[in-house]
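I would like the entire structure built from these sequences, with the hints used as guidance.
One letter stands for each residue in the lines below.
Number of protein chains: 2
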Amino acid sequence: MSLLTIGTVAFDTIETPYGKAEKIVGGACTYISYAASYFIDKINLSAIIGGDFPQEEIDSLKARGVNLEGLEVDSEGLSFFWEGRYHTNMNSRDTLITDLNVLQDFNPILPESYKSSEYVMLGNLTPDIQMSVLEQLDGTQKLIAMDTMNFWMDIAMPRLKEVIAKVDILIINDEEARQLSGEYSLVKAAAIIHTMGPKYLVIKKGEHGALLFHHGQIFFAPALPLAEVFDPTGAGDTFAGGFMGYIAKTGDISYEGMKAGLIHGSAMASFCVEEFGIKRLKNLTQQEIDARLDEFAKLVHYKI
Amino acid sequence: MSLLTIGTVAFDTIETPYGKAEKIVGGACTYISYAASYFIDKINLSAIIGGDFPQEEIDSLKARGVNLEGLEVDSEGLSFFWEGRYHTNMNSRDTLITDLNVLQDFNPILPESYKSSEYVMLGNLTPDIQMSVLEQLDGTQKLIAMDTMNFWMDIAMPRLKEVIAKVDILIINDEEARQLSGEYSLVKAAAIIHTMGPKYLVIKKGEHGALLFHHGQIFFAPALPLAEVFDPTGAGDTFAGGFMGYIAKTGDISYEGMKAGLIHGSAMASFCVEEFGIKRLKNLTQQEIDARLDEFAKLVHYKI
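Protein chains in written order, with this note's numbering: chain D, 1 to 304; chain W, 1 to 304.
It is possible that part of the hints are untrue.
[Claimed, not checked] Calculated from the model, a selection of chain D residues having no Cβ within reach of chain W, i.e. all distances over 10 Å:
| id | residue |
| --- | --- |
| 1 | Met-1 |
| 2 | Glu-15 |
| 3 | Gly-19 |
| 4 | Gly-51 |
| 5 | Ile-58 |
| 6 | Glu-76 |
| 7 | Arg-93 |
| 8 | Ser-116 |
| 9 | Thr-126 |
| 10 | Leu-134 |
| 11 | Lys-161 |
| 12 | Gln-179 |
| 13 | Thr-195 |
| 14 | Gly-251 |
| 15 | Thr-285 |
| 16 | Glu-288 |
[Unchecked claim] For lysine to aspartate or glutamate, the following EDC-like pairs were computed, each having C-alpha atoms within a straight-line distance of at most 16 Å:
| id | chain 1 | residue 1 | chain 2 | residue 2 |
| --- | --- | --- | --- | --- |
| 17 | W | Lys-279 | W | Glu-22 |
| 18 | W | Lys-303 | D | Glu-295 |
| 19 | W | Lys-23 | W | Glu-56 |
| 20 | W | Lys-298 | D | Glu-256 |
| 21 | W | Lys-303 | D | Asp-252 |
| 22 | W | Lys-188 | D | Glu-228 |
| 23 | D | Lys-303 | W | Asp-252 |
| 24 | D | Lys-303 | W | Glu-256 |
| 25 | W | Lys-188 | D | Glu-207 |
| 26 | W | Lys-303 | D | Glu-256 |
| 27 | W | Lys-142 | W | Glu-118 |
| 28 | D | Lys-23 | D | Glu-83 |
| 29 | D | Lys-188 | W | Glu-228 |
| 30 | W | Lys-23 | W | Glu-83 |
| 31 | D | Lys-205 | W | Glu-207 |
| 32 | W | Lys-42 | W | Glu-69 |
| 33 | W | Lys-205 | D | Glu-207 |
| 34 | D | Lys-188 | W | Glu-207 |
| 35 | D | Lys-298 | W | Glu-256 |
| 36 | D | Lys-23 | D | Asp-99 |
[Claimed, not checked] What the simulated footprint calls covered on chain W by chain D, stretch by stretch (three residues with Cβ under 8 Å from a Cβ of chain D suffice, anywhere in the stretch; the number is not a length):
| id | segment |
| --- | --- |
| 37 | 181-190 |
| 38 | 204-216 |
| 39 | 226-236 |
| 40 | 250-260 |
Calculated directly from the structure, the hints in this document are not laboratory data.
The beta carbon of each residue, even a glycine, is placed where N, CA and C say it ideally should be.
As structure tokens, this is what we get:
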């Protein structure tokens, strides 16, 4: 089983009430790939970086078994950079700087070996790039999931809807689901989004967990209540990576399989927020992951 | 098994994006009693009403098996009245009118037969009244739960803490837990609130479900995602009534028993919001409740 991950590999400067981390490694594709790497060893990464990206961070991804054949390096350019500051509640943040840099010219050409990836996780990028990736695939994919954001709904909704029509799973947050559907109720929003194409819809609610919708059926995965959320950056991408990585591992793309995927995604996201950036995702043990999965089971288990 | 319920029996005028209901029956004790009445038939209600409260509404409570010996009627006065308007998201509301009326002079004298109630649900009232009720009890209670609100934390924190020290379960919402503990993280808030006395803490998060804390253990009961939340008024009290009613029925005051209670409270609350006021709570069938409990089970059930 192989998983194609596409998105940003980048730098972030992050300020939270717990401190500030300057120019650390981030990017959707980075988080997705690290999280998925705990479940499968065939991850085909597609992204672009500048000459400023440290070799040891590339080596670190390689060491997690990530195939970097599709990692484009523009040695003349700078990597994508984002700087943001979280509010006290950690649920909202201000973006201070967004430097697209090399991302402006990103036009991913998939290596031949990537085109038959059975599973695909399209990170948040312009709908044009997402469509270009879909068009390069060989059509044998078992499951294609995508993320997006409000920004593309604001400026490129028609194109975005063309991409959404081509995927099996849309993974977005509650505000994005509301904007995309024009409905406040997430149940109503899901019904409308199903008509746009995706048979599965995952709505992320941050610290309030995530919902899976599948034509009238609803599953809820809680977020683990934590004493300290150190840095929420990348939690959504880590969730998506754990989710798709686990599904790629089991090969179970049924509703039941998706539910188990959601729990694994939530478990991986609960690690992500415990440290700045990708730090916590670099050296997890299977024991730690199993123990976390147990905590999730205990959190919702009851008998009547 | 008998459950003492104490709180307001009142009128509400409610405006939501779905419409307006003028001077309908509300009040914490009303919602608590209706919800609990589906699980036990010995409910001892203590409240005060004015001469304006309709006889048929009193008869309706009686018909649900509620003992009204402790319902004080001040025929010269008017019942407590609240008017509020919900915002589009239904999570926040503006209070437009609060007329205490007969509630100003409420000094509940418990009938003899109430004093040995095994279970007690103290609705949101002044800490002085809550304490007065506790002092009238005969000390044989199996489980005492209480609700409160930010307002009492603002103006009567020391007295409120004296009451909290005497109960087994505190049932409050997330903002109240944060204010009471001074901690933003609910996990940290719970640890502090446990030191104030209650061995169980239930934190209600509205549409995001409810958390049960018990000395380091955490259980999460989701709210049912609904296509339409018609009127959230009383949902928290209905939750508390279903919770305590179910526990009173089973007699199981263990952590496992509390968990099952939380699910029953959530199920009852999910009915409450489907209509204005107490309408939906008046004529539920056991089949409807069982079907709703099934929906909750499906919502969180997964296999790994």
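To see whether the hints hold, each was checked on the structure:
1. Non-interface call for D/Met-1 relative to chain W: holds, since the shortest CB-CB distance, roughly 18 Å, exceeds 10 Å.
2. No beta-carbon of chain W comes within 10 Å of the beta-carbon of D/Glu-15; the shortest separation is about 17 Å.
3. Against chain W, the non-interface label of D/Gly-19 holds: every CB pair exceeds 10 Å, the least being about 16 Å.
4. For D/Gly-51, the non-interface assignment is confirmed: its Cβ lies about 41 Å from the closest Cβ of chain W, beyond the 10 Å cut-off.
5. Once the 10 Å rule is applied to beta carbons, D/Ile-58 is consistent with being away from chain W; the minimum gap is 33 Å.
6. Look at D/Glu-76: its CB is around 45 Å from the nearest CB on chain W, clear of 10 Å, so calling it non-interface holds up.
7. Every CB of chain W is more than 10 Å from the CB of D/Arg-93 (nearest about 15 Å), matching its label as outside the interface.
8. Annotated as non-interface, D/Ser-116 keeps its C-beta farther than 10 Å from every C-beta of chain W; the closest such distance is 28 Å.
9. Even its closest Cβ contact with chain W, about 30 Å, leaves D/Thr-126 beyond 10 Å, as expected for a residue assigned away from the interface.
10. At roughly 30 Å, the least C-beta separation between D/Leu-134 and chain W is larger than 10 Å, which holds for a residue marked as non-interface.
11. Non-interface status of D/Lys-161 relative to chain W is upheld: no Cβ of that chain comes within 10 Å, the nearest being about 23 Å off.
12. Every Cβ of chain W is farther than 10 Å from the Cβ of D/Gln-179; the closest lies at roughly 14 Å, confirming the non-interface assignment.
13. At the 10 Å boundary, the C-beta of D/Thr-195 stays outside the reach of chain W, the nearest C-beta of that chain being 15 Å off.
14. Consistency note on D/Gly-251: stated as away from chain W, and its beta-carbon is indeed over 10 Å from all of that chain's, at 15 Å minimum.
15. Its beta-carbon lying about 18 Å from the closest one in chain W, D/Thr-285 satisfies the requirement of being farther than 10 Å from that chain.
16. With a cut of 10 Å on Cβ distances, D/Glu-288 stays outside the contact zone with chain W, its closest approach being about 16 Å.
17. Proposed proximity of W/Lys-279 and W/Glu-22 is supported: the alpha carbons are some 13 Å apart, at most 16 Å.
18. Only pairs whose Cα atoms come within 16 Å are accepted, and W/Lys-303 paired with D/Glu-295 is accepted, the gap being roughly 14 Å.
19. Straight-line distance between C-alpha atoms of W/Lys-23 and W/Glu-56 comes to about 15 Å, which keeps the hinted pair within the 16 Å bound.
20. With a C-alpha separation of about 11 Å, the suggested pair W/Lys-298 and D/Glu-256 falls inside the 16 Å cut-off, and the hint holds.
21. With a CA separation close to 12 Å, the supplied pair W/Lys-303 and D/Asp-252 stays within the 16 Å bound.
22. A threshold of 16 Å between alpha carbons decides the hint, and for W/Lys-188 with D/Glu-228 the separation of about 8 Å falls inside it, so the pair holds.
23. With a CA separation close to 12 Å, the supplied pair D/Lys-303 and W/Asp-252 stays within the 16 Å bound.
24. A C-alpha spacing of about 8 Å is found between D/Lys-303 and W/Glu-256, which places the hinted pair at or below 16 Å, so the restraint holds.
25. Taken as a hint, the W/Lys-188 and D/Glu-207 pair is honoured in the structure, with Cα atoms around 15 Å apart against an allowance of 16 Å.
26. Under the criterion of a C-alpha separation no larger than 16 Å, the hint pairing W/Lys-303 with D/Glu-256 is consistent with the structure, at around 8 Å.
27. With a C-alpha separation of about 5 Å, the suggested pair W/Lys-142 and W/Glu-118 falls inside the 16 Å cut-off, and the hint holds.
28. Simply put, D/Lys-23 and D/Glu-83 have alpha-carbon atoms about 8 Å apart, close enough for the 16 Å limit, and the pair holds.
29. A distance of roughly 8 Å separates the Cα atoms of D/Lys-188 and W/Glu-228; the hinted pair therefore holds under the 16 Å criterion.
30. Restraint check for W/Lys-23 and W/Glu-83: the C-alpha separation of about 8 Å stays at or below 16 Å, so the hint holds.
31. As the CA atoms of D/Lys-205 and W/Glu-207 are separated by approximately 11 Å, the hinted pair is consistent with the 16 Å bound.
32. Between W/Lys-42 and W/Glu-69 the CA atoms are separated by roughly 12 Å; this keeps the pair inside 16 Å, and the hint holds.
33. A hinted pair counts as satisfied when its Cα atoms are at most 16 Å apart, and W/Lys-205 with D/Glu-207 qualifies at roughly 11 Å.
34. Distance restraint check for D/Lys-188 and W/Glu-207: the Cα-Cα separation of roughly 15 Å lies within the 16 Å cut-off, and the hinted pair is therefore satisfied.
35. Among the hinted pairs, D/Lys-298 with W/Glu-256 is consistent with the structure: their alpha-carbon atoms are about 11 Å apart, no more than 16 Å.
36. Proposed proximity of D/Lys-23 and D/Asp-99 is supported: the alpha carbons are some 12 Å apart, at most 16 Å.
37. With a cut-off of 8 Å between beta carbons, the segment 181-190 of chain W has 5 residues touching chain D; three or more are needed, and the interface restraint holds.
38. With a threshold of 8 Å between beta carbons, the proposed coverage of the segment 204-216 of chain W by chain D holds, since 4 of its residues qualify and at least three are required.
39. Only residues whose beta carbon comes within less than 8 Å of a beta carbon in chain D count, and the segment 226-236 of chain W has 4; three or more means the coverage holds.
40. Look at the segment 250-260 of chain W against chain D: 3 of its residues bring a Cβ nearer than 8 Å to a Cβ of that chain, three or more, so the hint holds.
Checked against the numbered hints given earlier, the structure satisfies every one of them.
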